[in-house]
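Dock chain U against chain B, hints included.
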Amino acid sequence: MVLLSMILVPVLAAPFAYIGERINRNIPKYLSLAVAIFLALCTVYLLVNRPESGFGFEEFYAIYPPFDFNLHLAVDGISITLLAITAFLAITVTLSSWNVEKPGAFFALVLVFLGPMVGVFASLNLLWFFIFWEFTLVPMFFHIGIWGAENRIYAAMKFFIYTHLASVFLLLGIIVLYLNTHSFEFVELLKKSAALDPSVVKLIWILMFIGFAVKMPVVPFHTWLPDAHVQAPSPISVFLAGLLLKMGAYGLLRWEIFLFPQATKFFAPLMAVIAILTIFYAGFRALAEDHIKRMVAYSSINHMGFVLLGLSALTAAGISSALYEMVGHALIISILFMIAGYIHHKTHTWYISELGGLMKKIPGLMTMFVIGVLAAVGLPGTAGFVGELTVMLAAFDYYGWVMIIVPLASALSAGFFMWMLQRAVFGPLRESFKELKSLKELPFVENLALAMYIAAFIFVGIVPSVVFNLYNGSVDIFAQLFK
Amino acid sequence: MNVNFLAAIMILALTGAFLPVINRIFRISGILGAIIASAGYVLSGFLVLLSEKGGTILSNFFVSDGVTQLLGLLILVASWMTMLVVYWVTEKDKFVNELIGALLISTAGALLLISATNFVSLVIAMELMTMPTYLMVLFAFDERSIEAGVKYFFNGALAIGTMLFGISLLYAVTGSFEFKVLAKELFKDPLVLLGAVLIFAGFAFKITAFPFHFWGPDVYEGTCPGVAALLTGITKSAAFIALMRVIYEALPAVSENFTFILALLAAITMTVGNLLALAQKKVSRILAYSSVAHAGYTLIAFAALSVPLSVTGILYHSAAYVFMKTAAFLCFAVFLFVWGAKTMDDYKGLGRREPVLAVLFLIFLLSLAGVPPMAGFISKVFVFAAAVDAGMTWLALVGLINSAFSVAYYIWIAKQMFLEEPTLERPVNAPSNKKFIVVPLAVMAAFLIVLGIWLGPVVNVSHLFALQVGF
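Chains as they are written, first to last, in my numbering: chain B, 1 to 483; chain U, 1 to 471.
Next comes chain B alone, as it looks inside the complex (with noise of 0.2 Å):
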């Protein structure tokens, strides 16, 4: 009952959340923290009882069997950790959009997203995965709408148009995968797949990859990214950096990599050249960009290239660094948004240029902003550090010195970051900011968010080890398909 409550209460909540606002203003914002307390708790369960390998706290409730279309949810090492970073996620956004507008919509919306994500990282069927991963679009779709920036609608537009149109081409790889072995269960799955003629499951492969690529984003498929960010509130854009993102690269791990082993092999040059396209191309793009937020959305598809290459490189290590790495990201880029969106409350423009001396005014929040952006060029003693190494080492195993290149965009970052914190940051106070009342510190709340972010990534680079251990018995069991 554990994963069906997590998935039921956060959505069961929502219409509470939203008349509560009737009665009083604030009962939305604290009905959304207990339900991400809830989340929390309930992760920590599913950590403490995690299973050493395989699946554990399985659930199952039979809908309508000869189709094998069944609620079956369970979770081994990868989910439970991706379950981790959605609790935590979900913890962190409620407090930094403490003073919303409209909170009753805001937290509904936010509670409707947050049952169908755990779903997707919870669902062993694959329909169901599919069932949750595309509602997910219709919050997501309202809250970049309503709550964004001034081209807000166009972006939840394009976004909602995007996205929607690459699942149905990992609707119709389930489709083909379903009338070829008439399962759409995971262990079913695994069993028959290996049987199937080999040119099928390429074209099974090819249109499911499309699906999960655009979600992720890699280039080409990228362009939805920037703008929905752009437009997102910042608290949204956690959620889509930290969680939609990761959707894509998880649906590519589970559904992809461990169910067809040999035509992964067979496409694992392509991946790897796709991230190592994706990982330069957004580096110089961000090098490029003015905007900043619109920077961080680039350095985060440049991450979520490094996490590709982590699993083109089709060992436990590979896996288990691309994991790592969504992990880092989830946490290090959060705190970039955030900060990145509170610049621009604060300063009313979002270009760099029209930045500067920003530390003079408000060090606090620029202190924490230089520690996520070292974490994210990856300094040592912090998440990003552990994510890019690992990911290069595993890299350099399997495809040899010809990843000698991937170093060289890690350069590219840390060149994008530091300008960018040279010109906005540090330097002069500009004379139109010595006046400006808004600028200043943050409120206790949202300082706490931040601060947690800053906490976590900290610790998880200093022990890397708290989080390869969640995952490792489970990565082990997939790497043997591969031997």
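Hints listed in this document are in silico derivations from the structure and should not be mistaken for laboratory results. Only a predicted model underlies this, so the values are computations on that prediction, with no experimental measurement involved. Misleading hints may appear alongside valid ones.
Stated by the list, open to error - Partial pick of chain U residues on the chain B-facing surface, computed with a CB cut under 8 Å:
| no. | residue |
| --- | --- |
| 1 | A385 |
| 2 | W394 |
| 3 | I411 |
| 4 | I449 |
| 5 | V450 |
| 6 | W454 |
As the list claims (entries may be wrong) - In silico SDA-like cross-links for lysine to any residue, where the CA-CA straight-line distance does not exceed 20 Å:
| no. | chain 1 | residue 1 | chain 2 | residue 2 |
| --- | --- | --- | --- | --- |
| 7 | B | K158 | U | M344 |
| 8 | B | K265 | B | L196 |
| 9 | U | K435 | B | P15 |
| 10 | B | K102 | U | R353 |
| 11 | B | K102 | U | V359 |
| 12 | B | K361 | B | R423 |
| 13 | B | K202 | U | T393 |
| 14 | B | K265 | B | V402 |
| 15 | U | K281 | B | I153 |
| 16 | B | K102 | U | T393 |
| 17 | B | K202 | U | G391 |
| 18 | B | K158 | U | R353 |
| 19 | U | K435 | B | I19 |
| 20 | B | K265 | B | V200 |
| 21 | U | K281 | B | Y154 |
| 22 | B | K202 | U | W394 |
The beta carbon of each residue, even a glycine, is placed where N, CA and C say it ideally should be.
Below, chain U without anything else, positioned relative to chain B:
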């Protein structure tokens, strides 16, 4: 002999026939008429529920099976909701009881149509369903109603004429009208092919499939949206089921020849429907063209007739469609009546003015778009799966991409309702009691979500039907 199903239809038809008569004699008010009609619906619904599965009615003219029971109930519920909205919109009109009476008779025709297993009874049922709707479309809703009514009448007459000619050709060759008898004959005669083409063309008129779709949007726009809900939801869905019986029960061998043409028509119908829907400014026309597109999706399942999954696709899509389309038009009807909202611009900010209704409308639109967990999603999955299973992956891909692009206009309506600033200031009509409308619509929305997850009922019925027709 299956008395219950026949009795259900009789009760509905008689209630419909006597309502205007009672009105003439006793001058009953609209609300009393609505109550009498509701009693008719409830009674008839119980009888459909109790009807035995597998019985024939009136010596092989009609049949009562799982399909009639399932679709019968859905049609009754959808029609009841339509009645409530029609009553609510035309409450003060002196013809309200006549309108409701016509609606009841038309629904009785739809019930009869889904159970027809003989070309004679098929035509009779189709005309019983259609005749009252000519009257209803002509019902003076606004200045365009006359044009719409005339257009609808001529198209309907043309459709039935075409179909009758096709049926007579079949009769000339085989000497029978009965589906089961026809199915046993192995045809080599070109006349039979021609007959089948003409029958399909007649159906294409009814379901607004390309190239016979032109009347649809004009008529749906020109008439009272409650009537449009009946036309585009209930009668079309009943026609889908009748076509399913014709193809699988009467002409399976002949239809095999048409799979490619059906596939092509499906692809063109949905593409045309979606492209034209994207170009519209009026919400009623968007919904009308989306209904054309949905005829295309259903035709995909018809084109995949060689696999049993196609039956599931047709049935599931018809079952979901009757609810989502009827309900979407009813939401539109309420917005039109209360706010005078016709165009996309009028829909700006309506979500703020009517939050509950707008959220319901959103659910129906998402279901039409095929977003899970609404029933429209799972029904499309079945349709596309049938196409892939029948070896027409290209058609499934065309359908899926169409479906993905159709999201653009559905979500555009959602965008206007929820993301834009309101333009309309105050309602043009003060609604007397909104709960009267909102509660039934909410029930339909809940039904759609349940139908989207709980596959059992529809799929079991479709399995039985597939077995019955020899898969």
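**OP:** Would you pick out the hints that fail for this structure and give their numbers low to high?
**Re:** Per hint list: 2, 4, 5, 16, 18 violated.
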